[in-house]
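2 protein chains.
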Amino acid sequence: MADDIVLVRPIMPAADKVRRAVARVFDSGVITNDGPRVRALERQLAGRLGIPDLAVCASGTTAIQLACGALRLTGEVIVPAAAFPAVWQAVLRAGGKPVAVDVEPKHLTLDPKAVEAAITPDTCAVLGVHTFGCPADIDALTAITRRIDVPLVFDGATCWGIDYHGRPLLSYGDVATLSLHAMKLTHSVEGGAVMGNGMLVANWVRRLRNFGTGVDGALAQGTNARMSELHAAIGEVVLAESDAEITRRIRVRRWYEEGLRQINWLRVLPLRAEAGPNVAAMPILLALDAPVDATTLGQELHARGIHARAYFTGHYRPHTLRLGGPTPVTHDIADRVVCLPFWGRLTEADIARVTTALKEIDARRKGPRHAPSVHLAGRPAASVSPGAAGLGVPRGRA
Amino acid sequence: MADDIVLVRPIMPAADKVRRAVARVFDSGVITNDGPRVRALERQLAGRLGIPDLAVCASGTTAIQLACGALRLTGEVIVPAAAFPAVWQAVLRAGGKPVAVDVEPKHLTLDPKAVEAAITPDTCAVLGVHTFGCPADIDALTAITRRIDVPLVFDGATCWGIDYHGRPLLSYGDVATLSLHAMKLTHSVEGGAVMGNGMLVANWVRRLRNFGTGVDGALAQGTNARMSELHAAIGEVVLAESDAEITRRIRVRRWYEEGLRQINWLRVLPLRAEAGPNVAAMPILLALDAPVDATTLGQELHARGIHARAYFTGHYRPHTLRLGGPTPVTHDIADRVVCLPFWGRLTEADIARVTTALKEIDARRKGPRHAPSVHLAGRPAASVSPGAAGLGVPRGRA
Chain A
18 MADDIVLVRP
28 IMPAADKVRR
38 AVARVFDSGV
48 ITNDGPRVRA
58 LERQLAGRLG
68 IPDLAVCASG
78 TTAIQLACGA
88 LRLTGEVIVP
98 AAAFPAVWQA
108 VLRAGGKPVA
118 VDVEPKHLTL
128 DPKAVEAAIT
138 PDTCAVLGVH
148 TFGCPADIDA
158 LTAITRRIDV
168 PLVFDGATCW
178 GIDYHGRPLL
188 SYGDVATLSL
198 HAMKLTHSVE
208 GGAVMGNGML
218 VANWVRRLRN
228 FGTGVDGALA
238 QGTNARMSEL
248 HAAIGEVVLA
258 ESDAEITRRI
268 RVRRWYEEGL
278 RQINWLRVLP
288 LRAEAGPNVA
298 AMPILLALDA
308 PVDATTLGQE
318 LHARGIHARA
328 YFTGHYRPHT
338 LRLGGPTPVT
348 HDIADRVVCL
358 PFWGRLTEAD
368 IARVTTALKE
378 IDARRKGPRH
388 APSVHLAGRP
398 AASVSPGAAG
408 LGVPRGRA
Chain B
18 MADDIVLVRP
28 IMPAADKVRR
38 AVARVFDSGV
48 ITNDGPRVRA
58 LERQLAGRLG
68 IPDLAVCASG
78 TTAIQLACGA
88 LRLTGEVIVP
98 AAAFPAVWQA
108 VLRAGGKPVA
118 VDVEPKHLTL
128 DPKAVEAAIT
138 PDTCAVLGVH
148 TFGCPADIDA
158 LTAITRRIDV
168 PLVFDGATCW
178 GIDYHGRPLL
188 SYGDVATLSL
198 HAMKLTHSVE
208 GGAVMGNGML
218 VANWVRRLRN
228 FGTGVDGALA
238 QGTNARMSEL
248 HAAIGEVVLA
258 ESDAEITRRI
268 RVRRWYEEGL
278 RQINWLRVLP
288 LRAEAGPNVA
298 AMPILLALDA
308 PVDATTLGQE
318 LHARGIHARA
328 YFTGHYRPHT
338 LRLGGPTPVT
348 HDIADRVVCL
358 PFWGRLTEAD
368 IARVTTALKE
378 IDARRKGPRH
388 APSVHLAGRP
398 AASVSPGAAG
408 LGVPRGRA
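Line by line, the protein sequences give chains A and B.
Under the numbering used here, read the first sequence as residues 18 to 415, first letter to last.
Under the numbering used here, read the second sequence as residues 18 to 415, first letter to last.
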């Protein structure tokens, strides 16, 4: 039995490098609270992005939270309806009011027309997401936010190593955020960063991550969202290995694109022109007449030892999220997006195993669409058949 | 020149123990996301507290936040006005409305009469703090919260190792929270824990720390507040050394109490009867006619290489916090509380150096009270003289 192919294997630096980094932290006596390793990691990340300043923090989620806190976003913040829960949760944690609008069908990023339609006098920011590494429609969103004079924030959680028009994607937007979680290309075990691009928020973030204290007292947006010296030290070691991981991922991506071309019921989600390489993830969109929905595909792959993740469905659906307009695309893609295993040490044989599994699933499912499988018990059968309005899997809140 | 005496020196396990713990985590390939080290640390902490379950998280602040989130505290939460900012900030982060009331003059914990007076139909919980390790008035607060049928939450951030009526202080209250920050007696570099005592909230906390996802979708209170496997592994090693630290701190405390007895313008804040030992901190309250205020004392000690921390003043003052009644005691103690250096490896000579420094400060300041020092420039002089209403230092919001 072959080993499982996991979704992501983090960059794991050589043991002696980890040992030296950890020993240096413990020997210094400073293991957290904004010490030298945090500041060094901040300088290295900002330097590579070519931006004036950034502040690291405990996670990609708290990066969004602190960005919103630094900008004092207590009004409505327009976010994409098809997004990881962290996005709207972080707006809430900062005291803002997330309002979700639809995404574009091709790139699954914020639909500028939907943003326009959702603007109210209480709109205080637009928070776009570079979904699975694909740039949001930066030009259109910039035009809108300039016109109504609110900040444009981009969550680029997955976007380390991706360029757009010749410079890092993370350098776009008034403020951008990054995740440094272990499953991201470069990581600090757990961590995140806030990039001050157009607006110099890094010092505000440094204050807010440490209870917002200062000579004038403690700010209401404060919390503890520091990155420890230990995590920062690992972050430095990993960062030094991230360029090699980018090279490996570009190769893995090529294998995937060749293999997946043979399967006509899915497509790899594309980047925009002038963006790339997509070293963030390997997201696929299932066709309306695909033999399986995303959840089932994930289960079928798992049964074959392949870990994939279905998005915008089930576990990730917001319990309560105010909508700023109709969200037909978000409904349309519900249970149709899957991220396949994607990391640099995958071999050509691994990718062949994934594509073979996808073909097997297709063959086994050929013919009339199956009855709802067990995990859908209790839902009306109609909700999983190709339904009215041309929506493949038009279920619930996404 | 002697080395500085720092405020707290964290337990720093022997290098080989750290090396083995870190190597085990990296060798396992699982460096975060609720792995075996997190679960092991949870079992060890719960076992030592004799409670059914607890969940660890990213920090003591997020412990309060997740506790409030798990209890769905979206109404008014009564908190002490004299508290570290994390307390009211965490209530806000969870979507609740902190309402601050006064503390008792002897123990500086929530005044039950002030709590009673602040109850409204929107009151959804009382959040007491075991300030500097001293139990809140548990009996009185329990009676109040039982009567109005709301949960009683205790922040015991500093309370590892302290018993009350023969069992761990952290086992009191419907829910209690702990900090595992490096400056606490036992620590995981950064970290916290939520104890489900009367209410079994640990599984809710496990869900909320991981975006609140579940079969029914993602909860609005979710976030990323996980503890990494790396931090948890350090936490296990440190925990194994914490009993020895408790023994050392008890000895240090005895030296302090002997030395400080000779200084009549301060008193060590006492614990309640049946509580102890106070291995959390060495907090002193300055007398109304003390030669210095807390901020100045901190500066004077720092000039002598001794790091102490003034509380309830300056940097820690809430910018915006709704009061649920008058707070004369909180005003009275503003700029009168200082935590002296307190950790197990302090020597008798270190403590003698601190007490000698305090006596020097007294001698130098003897005579008519000095004019406001530089850091108070711009404030009316009257605000630092022993003022009307018997308030020593009646300044601003605390």
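Please note that the accuracy of each hint is not assured.
Unchecked claim - Here are the computed distance ranges between Cβ atoms for each label pair:
(1) B:64 x A:278: 50 to 60 Å
(2) B:321 x A:231: 21 to 31 Å
(3) A:232 x B:65: 36 to 46 Å
(4) A:339 x B:322: 16 to 26 Å
(5) B:47 x A:339: 34 to 44 Å
(6) A:231 x B:364: 31 to 41 Å
(7) B:37 x A:381: 41 to 51 Å
(8) B:322 x A:291: 36 to 46 Å
(9) B:47 x A:233: 39 to 49 Å
(10) B:324 x A:343: 36 to 46 Å
(11) A:41 x B:304: 39 to 49 Å
(12) B:64 x A:291: 20 to 30 Å
What the hints contain is simulated information worked out from the structure, not anything from laboratory work.
Just so you know, even glycine gets a beta-carbon here, dropped at the ideal spot from N, CA and C.
Structure-based check of all given hints:
1. Checked against the given bound of 50 to 60 Å, the beta carbons of residue 64 of chain B and residue 278 of chain A, roughly 55 Å apart, stay inside it.
2. The supplied range of 21 to 31 Å is met by residue 321 of chain B and residue 231 of chain A, whose beta-carbon atoms lie about 26 Å from each other.
3. The given range of 36 to 46 Å is respected by residue 232 of chain A and residue 65 of chain B, whose C-beta atoms sit roughly 40 Å from each other.
4. At about 55 Å, the beta-carbon gap between residue 339 of chain A and residue 322 of chain B misses the expected band of 16 to 26 Å.
5. A C-beta distance of roughly 37 Å is found between residue 47 of chain B and residue 339 of chain A, which places it inside the suggested range of 34 to 44 Å.
6. Evaluation of the 31 to 41 Å hint for residue 231 of chain A and residue 364 of chain B yields a pass: the beta carbon distance comes to about 35 Å.
7. The supplied range of 41 to 51 Å is met by residue 37 of chain B and residue 381 of chain A, whose beta-carbon atoms lie about 47 Å from each other.
8. The given range of 36 to 46 Å is broken by residue 322 of chain B and residue 291 of chain A, whose C-beta atoms sit roughly 58 Å from each other.
9. Against the hinted window of 39 to 49 Å, the Cβ-Cβ separation of residue 47 of chain B and residue 233 of chain A comes to about 43 Å, which satisfies the hint.
10. A hinted range of 36 to 46 Å for the beta carbons of residue 324 of chain B and residue 343 of chain A is inconsistent with their spacing of about 59 Å.
11. About 45 Å separates the C-beta atoms of residue 41 of chain A and residue 304 of chain B, a value consistent with the hinted range of 39 to 49 Å.
12. At about 57 Å, the beta-carbon gap between residue 64 of chain B and residue 291 of chain A misses the expected band of 20 to 30 Å.
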